[in-house]
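Protein chains in written order, with numbering that gives the first Met the number 0: chain R, 0 to 456; chain B, 0 to 456.
Everything labelled a hint here was simulated from the structure, so no lab data went into it.
Computed from a predicted structure; not experimentally measured.
Among these hints, one or two may not hold up.
Derived coverage of chain R by chain B (criterion: at least 3 residues anywhere in the stretch with Cβ under 8 Å from a Cβ of chain B; other residues may be distant) [claimed, not checked]: (1) 16–23; (2) 135–145; (3) 180–193.
Computed cross-link-like contacts, DSSO-like style, restricted to lysine-lysine with a CA-CA straight-line distance of at most 27 Å [unchecked claim]: (4) R/Lys151 <-> B/Lys234; (5) R/Lys151 <-> B/Lys112; (6) R/Lys230 <-> B/Lys207; (7) R/Lys234 <-> B/Lys151; (8) B/Lys151 <-> R/Lys112; (9) B/Lys230 <-> R/Lys207; (10) B/Lys53 <-> B/Lys12.
Glycine residues also receive a C-beta, built at the ideal position from the N, C-alpha and C atoms.
Residues per chain are reported as follows:
Number of protein chains: 2
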Amino acid sequence: MMLTKELEDILGKENVSTRMSELYCYSFDASGVEGLPDFVVRPATTEQVADVVKLADMSNTPVVARGAGSGLCGGAVPVEGGIVLDMCSMDHILDIDIDNLQITVEPGVVHEKLNKALEPYGFFFPPDPGSTAMCTIGGLMANNGSGIRCVKYGTTRNYVLDLEVVMADGRIVHTGSKTLKTASGYDLTDLMVGSEGTLGIITKAVLKVHPLPHARSVILASFDNTTLAGKAVVKVLSSGIIPSACEILDSTAIKAVRSFDPSVELSDVGAILMIEVDGMENAVREEAALVGKACEELASAIKVAESGAESENLWKARRLVGAAISKIDVKRTRIYVGEDIGVPIKELPGMLEYVRSLSEEFDIHIMTYGHIGDGNLHTGMAIDMLSEEELETAHAVADRIYRRAISVGGTVSAEHGVGKARAMYMELEHPTSLEIMRQIKKTLDPKGILNPGKMGL
Amino acid sequence: MMLTKELEDILGKENVSTRMSELYCYSFDASGVEGLPDFVVRPATTEQVADVVKLADMSNTPVVARGAGSGLCGGAVPVEGGIVLDMCSMDHILDIDIDNLQITVEPGVVHEKLNKALEPYGFFFPPDPGSTAMCTIGGLMANNGSGIRCVKYGTTRNYVLDLEVVMADGRIVHTGSKTLKTASGYDLTDLMVGSEGTLGIITKAVLKVHPLPHARSVILASFDNTTLAGKAVVKVLSSGIIPSACEILDSTAIKAVRSFDPSVELSDVGAILMIEVDGMENAVREEAALVGKACEELASAIKVAESGAESENLWKARRLVGAAISKIDVKRTRIYVGEDIGVPIKELPGMLEYVRSLSEEFDIHIMTYGHIGDGNLHTGMAIDMLSEEELETAHAVADRIYRRAISVGGTVSAEHGVGKARAMYMELEHPTSLEIMRQIKKTLDPKGILNPGKMGL
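Using the sequences and the accompanying hints, generate a full structural model.
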């Protein structure tokens, strides 16, 4: 290809790949979206990123940033070819500045590593995605990821104070400041977070960190069905307790976890809520009791974890869900399609009921779990990957799920992002504002080289 | 003027003013920025706002939205004339939806009224500006205001889920969704919040609300000087407690309050911190003790308010500060210049020291108070309003304060906004990103009719 030499001049020969076997590894994620890059490059500095983007700008070549590739919507898949920037070499924690309640990181830092580095200081970075062991902070920012603790602590967006970003023309800009709050200028930081690499390439981030709570406790509430569990969530939240996590497992998810690991102590019920509260020790005890009380009339059983170890066991069970679905039906595989809707809290019981009815109507396994405390449901379908028909059915079910979520004021993605997989729903979800997004995209990336083919832009 | 008839057709004769005596009332705020509008109109509906903006678009007329006019940077002052939209008639709380943890309001709702409406439900809207009794939610959103509880609860931005906005061409768009989190599309909501009416006119907002804490307690810590108080703040925050408020009063502010209201029980010391913790009752007691411990070595005295009434008295003293400065020197008046910097927490002791040295060097009263827990200092100067020389001195001091804040990674406005008063510092504070802001402004408001002359755009 034409640009090989120029890229090698910028990055060194060893950091530019054009071999098919390597390019292939960067051509997909778990969503089924595919696209082969022409080059994979591994920058180590902001200047290298800027030089690559300038080269792309001059040659009209698509540029796609990629972290761990753990995305679920094709966000980091180069659907129009071009250059993939593998950001994993930029993985340094540059500064831990507890006195200022902030840290400075490169985008390739793995989420888990960040929290391990903060632990000795008694601090943490609250967004907590299921992919913590592999996903990068860059990917988390690009998609505004969140995870189980969002209900109390908010999403990634709430923790980004300043970004260094390489714009489409290779300019390097800083979007924010090192202060904890500001009312000066447009909020370009929040515009970049969640823009999936379509407006610029994040090369550095200043993140706010939070003190670790003194104690945590998990309440396990069992229900006869998901609708009752959904009602309990509405009741808990409106009672004035903001849990640090509020997760649901439906009966399919429970069965899957039980057969995946028989040592897990989950009863075979219609639905389970795992509700965590955190804070000072006494307060945690008090709040756990209030959560129990709010669930009382709707639950068939309530159990408060007596110890940290017991709580940890429950979270272990929760973390098994993604992998466990394979146990439901050995012939079928989990696919990531229609898996990340968010709805207003009050719509949860109805949405859960609707998903259950779709599962029956289409005769397809749907395991529902997720961060129900903020209205985010993961509806995991399992199909025979060799059956075209089952894949079609899954997409038809996903379509229904997306449309229902939008129709009740919800979103097609609460935390996984839009990418290419959900791009076709942007018009429906954002009938009046998609045009504004397109105008901004056009202004900041006039040639459309940054992650083209994504977000319906 | 040419547009009077058209405006009257849209709004009715009674909602269009062109009389000088009325226009004058809309020509200033407390910042000293001035500008006379050609028309003041009072819309009651989104459609009326859209029709006014369309008319402005066709006739190239500036349009400036105004709430209570309690701004401190000329943000709502029509410095290039044109139409002022007085949003105070759009003051309805449209929906209180506790099950969804959200409310829908028009922009003219007064902040205090909102919290009074939420109280019976046991909920509140956490941003808490000093101007609560008059300021509108629209103004708060336009400037990303915050106030005393930001250190724990964040700024207005953290509570805005969806906005209805009239764009520069009269289009009505919705920027967000009714879900508590989303990863779908660019974050236009946060782009609009803090954009001071330069990108669109907010006509409706969906806001997240939060349960009221069960208890609150205030710790009053006295210090020999502001530098020690600044050090104590760094110590409290890095110790792992996030207070719900952390305010400072310097000796000038303390003296002012004491002479304004002798019944207030504040000792005549070098500096006072008022640190509030909130949450469950037991936790509040525990956290108050930890805050006391963190301050111990630096403070000359520490007192924990024993009752809610005692806490309320301390906050009463804090609220008097703005008015009390007149008592320092009867010939001199408080001016709002250089009054809202934010700096990284660790820079607070140095910044406080610097402000004190400026006060001596320039022989000018500077009362420093503010939300020190998030690095936000209000430096209130008092001058003889009839003396050109003193006004010049105040501006020279403000210039030093602004430049110092920027040089340590801070901001010229943490919560009051930029408006016209701070527009000339945007280049210095945002050397790389101001151009991006200008590009976005140009795209979304190509004729520059929305609040022109503001934010250095």
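Hints, one by one, checked against the model:
Coverage of the segment 16–23 of chain R by chain B is violated in this model, with 0 residues showing a Cβ closer than 8 Å to a Cβ of that chain against a need of three. Counting residues of the segment 135–145 of chain R whose C-beta sits closer than 8 Å to any C-beta of chain B gives 4, which meets the bar of three, so the coverage hint holds. Residues of the segment 180–193 of chain R with a Cβ under 8 Å from some Cβ of chain B number 12, which satisfies the need for three, so the listed coverage holds. A C-alpha spacing of about 25 Å is found between lysine 151 of chain R and lysine 234 of chain B, which places the hinted pair at or below 27 Å, so the restraint holds.
Distance restraint check for lysine 151 of chain R and lysine 112 of chain B: the Cα-Cα separation of roughly 26 Å lies within the 27 Å cut-off, and the hinted pair is therefore satisfied. Simply put, lysine 230 of chain R and lysine 207 of chain B have alpha-carbon atoms about 20 Å apart, close enough for the 27 Å limit, and the pair holds. Using a Cα cut-off of 27 Å, the hinted pair lysine 234 of chain R and lysine 151 of chain B holds, with the two alpha carbons roughly 25 Å apart. Only pairs whose Cα atoms come within 27 Å are accepted, and lysine 151 of chain B paired with lysine 112 of chain R is accepted, the gap being roughly 26 Å.
For the hint linking lysine 230 of chain B to lysine 207 of chain R, the alpha-carbon distance of about 20 Å falls within 27 Å, and the restraint holds. Proximity of lysine 53 of chain B to lysine 12 of chain B is assessed by CA-CA distance (about 19 Å); at most 27 Å being required, the pair is judged to hold.
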